[in-house]
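Protein chains in written order, with our numbering: chain A, 21 to 322; chain B, 150 to 341.
There's no promise every hint is true.
[Stated by the list, open to error] With a straight-line Cα cutoff of 30 Å, these simulated DSSO-like cross-link-like pairs (lysine-lysine) come out:
1) B:Lys215 x B:Lys262
2) B:Lys256 x B:Lys312
3) A:Lys202 x B:Lys312
4) A:Lys54 x B:Lys275
5) B:Lys200 x B:Lys262
6) A:Lys317 x B:Lys200
7) B:Lys259 x B:Lys269
8) B:Lys200 x B:Lys283
9) B:Lys262 x B:Lys336
10) A:Lys202 x B:Lys314
11) B:Lys336 x A:Lys54
12) A:Lys83 x B:Lys184
13) A:Lys83 x B:Lys314
14) B:Lys312 x B:Lys184
15) A:Lys54 x B:Lys259
16) A:Lys54 x B:Lys337
17) B:Lys256 x B:Lys283
18) B:Lys200 x B:Lys275
19) A:Lys54 x B:Lys312
20) B:Lys337 x B:Lys269
21) B:Lys283 x B:Lys259
22) B:Lys200 x A:Lys83
23) A:Lys54 x B:Lys215
24) B:Lys200 x B:Lys215
25) B:Lys254 x A:Lys54
26) B:Lys337 x B:Lys275
27) A:Lys317 x A:Lys202
28) A:Lys54 x B:Lys269
29) A:Lys54 x B:Lys184
30) B:Lys337 x B:Lys254
31) A:Lys54 x B:Lys200
32) B:Lys336 x B:Lys259
33) B:Lys283 x A:Lys54
34) B:Lys184 x A:Lys317
35) A:Lys54 x B:Lys256
36) B:Lys215 x B:Lys275
37) B:Lys314 x A:Lys317
38) B:Lys269 x B:Lys215
The hints are simulated quantities; they were obtained by calculation from the structure and are not laboratory data.
The structure presented is a predicted model; accordingly, all values stated were derived computationally and were not measured.
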Amino acid sequence: MKSRLFMVILLGGFFLISVLSFPGFTQNPNISWKRSSPETQPDLQLFHSPHSIDLPTATTLQKWDVEFEISHRFIPPTSVGINGFYGLDGPVNMRIALGLALNNRSIITLGRSNFNDNIDLTLKYKIFEIRNNALPVLIAARAGGAWNSNPAYIQIIGRDKTNSRNFQAFGQVILNTMIRNKLGIGIVPSYLYNTDIRFEDKTKDTFRLGLNAQYYVGQFWSLLIEYTPYISGYRSLTDQKHNPLSFGIELETGGHFFKIFLSNSKFLNSSQFLAGADLPVENNDWRLGFMITRLLKFGKKI
Amino acid sequence: MYRSLKFLFFTIIVAFNLLLSAEYQVDHSRENVVKFISHAPMDDFEGVTDKIDGYIYWEGDNLLNKSDMYFEVDLNSIDTGIGLRNRHMRDNYLETDQYPYTHFKGKLTKAEKVSENEYKVTAEGKMYIHGVEKDITVEGNMTALDSSYHITTQFVTALSDYKIKIPQLMFFKINENMQLELDFYVKKIEKN
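For reference, chain A alone in the conformation it holds in the complex (with noise of 0.2 Å):
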């Protein structure tokens, strides 16, 4: 009787052994794999794109990746109707720049402006993330220097090219948010040192707050504006008096984006844009503008 229960129990533990084999099961009980390694987290980026339209955000690249840029702004205004085309006649100020991803939290960029022959360089670094569903947080710094190699105001014309009063710097904090994956929100504190060249006697700063909002209505397009009020320090009176205004729409690709846009201001170097915008938006004057971005790798097929 004994000996029977012990075969019994013999032949439904190989039974049970050969069932629980059968791949139908979770996993084989023979099996020890397990998974040797996290998932991967991919870098935290809320905005798209690297840029807003004048104002920088907290997105980085892909180490290595590099950014072509190419942006006008249209200098006559919409007024002129149709005769200039709403100002798409011309002329145009515009700006060409090559950034190249450091890693995957910096980039330095070169551009230039055909606007006094303004060049300049920038390194951007993020440099802190909060990872959190409701208000995920980025923080970056943004710096650069400017060097007007051709400036054309009346005032400075045969003082030397490399003269010190034609180089500016700036340096702006980026803060950013994204709610819900939809409305990305900026606040970009920034200084502007050497605001306007044309003293000869001493440097005026700047200090302004960029807030820019971008809402994506589907996953290749969407709203976006900024504005980038005075806050402290010179104020040009003429020609630059305004705050910054301008709103469009920004399309995307695998590796383009594409920003149509309305802005009161005719600069696109950021240490011109920052001294302040020409046009004041109370007589619903506006230039067109547009900036394209490609991003690029090199030895790689993309």
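Based on these hints, arrange chain B on the given structure of chain A.
Below, chain B alone, put in the same frame as chain A:
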């Protein structure tokens, strides 16, 4: 005495079962490559990762005997060469916040020896992508090395089968069919 005998028998059976079994796990010390290839007129690209994990199991000398396999790929690790496109792939297509892994679970159903160390194999099972599971059959090669196997396979998968929507926007079209290429190594796990 009787209880000791029972325990001995049971131990022998378990040990016998383990001796005949062979479990091979992905060898992370080797160069493993998983490629997702999309051919499209305006946006021809490759996504590459080495984050493949899993096992293949059989008992005895026959690869088909009690065959079992599970392989998964960490989709957040796919690199298409451009950070922005990686983000599009993660957020817009694969939705990796909800479905971070793709996996294949199945078994070998055919194993034809084509040379001393090489087998042409067929696996059948379920492919899981984007929250959708689908029966598939794939063919590949297994080459025996010292205590490991080199596995290669490639197959095409239709994104619509896995409810992955393809946007139709100017300048941006990806192919409905994505080619997957896997080239990786598994090594034998020694049982204690």
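Exercise. For which of the previously enumerated hints does the structure constitute a violation, in increasing order of number?
Worked result: none
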